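Novice: Chains G and X are the protein sequences, given in the same order. In this text, residue positions in the first sequence follow the working numbering: the first is 25, and each later residue adds one. In this text, residue positions in the second sequence follow the working numbering: the first is 158, and each later residue adds one.
Wrong hints could be hidden among the right ones.
Partial selection, computed: residues in chain X whose CB lies under 10 Å from chain G [said to hold, decoys possible]:
{"id": "1", "residue": "F188"}
{"id": "2", "residue": "G191"}
{"id": "3", "residue": "I283"}
Below, a list of computed lysine-lysine pairs in the BS3-like style, where the Cα atoms sit at most 25 Å apart [to be verified]:
{"id": "4", "chain 1": "X", "residue 1": "K163", "chain 2": "G", "residue 2": "K108"}
{"id": "5", "chain 1": "G", "residue 1": "K38", "chain 2": "G", "residue 2": "K131"}
{"id": "6", "chain 1": "X", "residue 1": "K265", "chain 2": "X", "residue 2": "K325"}
{"id": "7", "chain 1": "G", "residue 1": "K90", "chain 2": "X", "residue 2": "K163"}
Simulated from the structure, these hints should not be mistaken for laboratory data. What you are looking at is a predicted structure, and each value in this text was computed from that prediction instead of being measured. Where is the CB? At the ideal position from N, CA and C, for every residue including glycine.
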Amino acid sequence: MSQYIFPNHLKYTKEHEWVDLSQEVAVIGITEYAVKSLHDIVYVSLPEIGSNIKQFQVVATVESIKSVSEIYSPLSGTIVDVNKTLETNPEKINVSPYKEGWLFKIKPSNLDSEVKNLMSAEEYRRYIESLKK
Amino acid sequence: MGKLLKRTHLYNFHKSNGQLTEFAGFEHALFYEGIAEEHLAVRNSVGVFDVTHMGRTIVEGEDSITLLEKLLPRKVSNMSNLQGRYAFFLNENGGIIDDLTLFRLEEKKFLLVYNAGNREKDFNWIKDNASNYNVKVYDVSDEVVMLAVQGPNAIKTLQKLSDKDLSKIKRYWCDWVRLGEFDVLASRTGYTGEDGFELYLWNTPLQMSKRAERFLSLILDAGREYNIKPCGLGARDTLRLEAGMCLYGHDLDESISPIEAGFETLIDFDKPDFIGKSALLEQREKGVSRKRVCVKLLERGVLREGCELYDGNGVIGKLTSGTFSPLLNIGIGMGYVLKEFSEVGTKLNVKIRERLVKAEVVNPPFYDTNIYGHKRIK
Numbered sequence: 025m026s027q028y029i030f031p032n033h034l035k036y037t038k039e040h041e042w043v044d045l046s047q048e049v050a051v052i053g054i055t056e057y058a059v060k061s062l063h064d065i066v067y068v069s070l071p072e073i074g075s076n077i078k079q080f081q082v083v084a085t086v087e088s089i090k091s092v093s094e095i096y097s098p099l100s101g102t103i104v105d106v107n108k109t110l111e112t113n114p115e116k117i118n119v120s121p122y123k124e125g126w127l128f129k130i131k132p133s134n135l136d137s138e139v140k141n142l143m144s145a146e147e148y149r150r151y152i153e154s155l156k157k
Numbered sequence: 158m159g160k161l162l163k164r165t166h167l168y169n170f171h172k173s174n175g176q177l178t179e180f181a182g183f184e185h186a187l188f189y190e191g192i193a194e195e196h197l198a199v200r201n202s203v204g205v206f207d208v209t210h211m212g213r214t215i216v217e218g219e220d221s222i223t224l225l226e227k228l229l230p231r232k233v234s235n236m237s238n239l240q241g242r243y244a245f246f247l248n249e250n251g252g253i254i255d256d257l258t259l260f261r262l263e264e265k266k267f268l269l270v271y272n273a274g275n276r277e278k279d280f281n282w283i284k285d286n287a288s289n290y291n292v293k294v295y296d297v298s299d300e301v302v303m304l305a306v307q308g309p310n311a312i313k314t315l316q317k318l319s320d321k322d323l324s325k326i327k328r329y330w331c332d333w334v335r336l337g338e339f340d341v342l343a344s345r346t347g348y349t350g351e352d353g354f355e356l357y358l359w360n361t362p363l364q365m366s367k368r369a370e371r372f373l374s375l376i377l378d379a380g381r382e383y384n385i386k387p388c389g390l391g392a393r394d395t396l397r398l399e400a401g402m403c404l405y406g407h408d409l410d411e412s413i414s415p416i417e418a419g420f421e422t423l424i425d426f427d428k429p430d431f432i433g434k435s436a437l438l439e440q441r442e443k444g445v446s447r448k449r450v451c452v453k454l455l456e457r458g459v460l461r462e463g464c465e466l467y468d469g470n471g472v473i474g475k476l477t478s479g480t481f482s483p484l485l486n487i488g489i490g491m492g493y494v495l496k497e498f499s500e501v502g503t504k505l506n507v508k509i510r511e512r513l514v515k516a517e518v519v520n521p522p523f524y525d526t527n528i529y530g531h532k533r534i535k
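Next up, chain X with everything else stripped away, as it sits in the complex:
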């Protein structure tokens, strides 16, 4: 008997319009028109992704801040209502259990959004740690439809549907907005490097697929004048990698610390305590031996996860992600190398099926931030 794959509310849309693939236990669209076309739509105009497969949990109650301060290396108590933050769950060794986005919805109510593949692991981790606290922890993953509208024209697309001035929502903040007939939470976040929003449509259990389809059509109709494209997991991966963003299970895992991954600035060592603190303090003290780097090929080719990295003498690291950038037409990737090879500008070789190809360590994102990405000069 085959594996039972989960499906989002929008499975029928994916099946009729896209090529299906398996990802994190879900049967989801790899692409509709094509990875490159969808990738470029997001960089140049706007695209919409079904990201309902991601995990979403609410932590609410008297001790919610105390619990989250223990679970996360970033400070929580100084967040304003409707502010969001990128953070990690860490184990006692400082290894990354998952990366997530945290939103303070109300004084004592938080939304945590994390990777689809870690739905159970993360929920159980929060729940297990919450046992001695006065909090309610509940998984809303299957009751919320989540769409990401991304690209320089994302805001214009959504503004057509709302009376609220969406430009007032700052990057990494969120707000409740009415889009057409739907009340949604809109956060100015994403996984593409572009400006855009992630939209959370509450009260939509899995059997309410029609409501989810209406919500998606509303956005597709609004974006028609900008040639909006539905985008699949393929473009989601090339876009995030081009932006230099990590994918859990590849670039991050429980054996990798946020210091090695280059997120030292997202650790608040002033906090009295959080899970993993002592291990990270020790790492900061002694230094780490490997660092995450972004690498671009200097010759034509495609980088792939698992490719070994070499200096003149031997192996110095390995790629944890790799692809071909549809925007820049070069092979791009990220991975971990011995610290002494992690400086931007370091030349190294990548082994691609027995062939050594020249590459260079670069600063992410891979694209020119004056022309692409949310910091582009308009």
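Chain G extracted, bound-state conformation:
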């Protein structure tokens, strides 16, 4: 498992999204583990700015040559920005899942009670190890 990087300042979901809560709005992307298992990401469809979503609702899809993966929002709130670059350069997710490969930003509506449904980096790492059996 040591080959994966899971930054400590991020929170994680079981569906392999990460969320950065250190900024004014929450930034969301998919983890390096998700990227490595998908391989060859070639297409991303992003949510509409302004749409209101519930925690763990499907908001986007990421496609590799072989498969389609649904992206769940780690938090409830309003979509305030999406990473338009990914529409033409989806491979940014492959090379930089935690920076240039971010997917969308959300203004959380229920952060305090929802954040406890998310995992720390350490918890997520243990979760990934349990998936490996």
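We have chain G already, so just place chain X on it with the hints.
Specialist: Below, chain X alone, put in the same frame as chain G:
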């Protein structure tokens, strides 16, 4: 209890170097380095595939030609020794039981190579039809290792291992050649659209995995200067689709006829008889209502099997294969549409998860044949 999956001689190589998947009852490599990387290696240089999972049967004996003339819609008797042909097994309704490659090894000895998923069905079909003929029909699938070496540098890679001039083997022909320490049958065929060979290493039962591994390393070593890559089933699928070639069980099945699939030129209606002839004659007479087409997306996206195709008014067809072309960076697919929408250049819409995306019917292959594929200008 889990399903028991079959493995080829090279399973250990796949397991240690690749990501495994299930295909046609086999545990096989989906990719090693990545689908896109392997795909591009074949288009630009050379790649090697383990295709041992495919089915192989020998039909041999006095009545071999008579039997094959009955089983196949293409003419067999006028084939030369060492010549190959792409053909179909048809049912009485003209539906495709399988597609296959047929080689005339000797005057009265033929090799039939067909899809992994149809191993039992095809063998039984040949066997059942052979009961009144003086022929021997035997399945050699588990005694022959089969590797496909594909790409513009495939011939240079293999030529390093052989004293025989491989360029003398014409496309769709085969010959016996010595590659290093191995005597193999090499056919100038493949499932990628590129130049290349499929190599049959006989007398290699499943327990002789070391012999198979040595054979694979020989090719990997010879191709090192061309950056040869081992390629998995993922790239095999994207390459064949980009070349416009069909995958049985998706683009072809028992409810689809070779006329609908666009292979009318591969049916020899002059033959006195073959299974399915009367049904195909009727189809040719009356015309068919659907045709197979190749479709490319005009916007960014990925096509998938099952996507419905629309004109302005409603559903006109459905995709039977779809992917994202790693070479052209567009969504590509094939499927069946009502005949009036099958003309090259027809604009249509594809429904991708509730979204209608613009697409166009194109002539296969999807790539520019001056730059890629076996007809490329060298």
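Novice: Against the 25 Å threshold, does the CA-CA distance of K163 of chain X and K108 of chain G hold or violate the hint?
Specialist: 45 Å, violated
Novice: If you draw a straight line from the CA of K90 of chain G to the CA of K163 of chain X, is it 25 Å or shorter?
Specialist: 22 Å, holds
Novice: Regarding the pair K38 of chain G and K131 of chain G, is the alpha-carbon distance no greater than 25 Å?
Specialist: 21 Å, holds
Novice: Holds or violated: is there a CB of chain G closer than 10 Å to the CB of G191 of chain X?
Specialist: 5 Å, holds
Novice: Should the interface hint for I283 of chain X be scored as holding, given a Cβ-Cβ cut-off of 10 Å against chain G?
Specialist: 33 Å, violated
Novice: Holds or violated: is the Cβ of F188 of chain X closer than 10 Å to a Cβ in chain G?
Specialist: Hint holds; F188 of chain X Cβ to chain G Cβ min 7 Å, cut 10 Å.
Novice: Given the hinted pair K265 of chain X and K325 of chain X, is their alpha-carbon gap at most 25 Å?
Specialist: Distance ~23 Å between K265 of chain X and K325 of chain X Cα, so the pair holds.
In the structure shown, a violation is registered for the earlier hints numbered 3 and 4, in ascending order.
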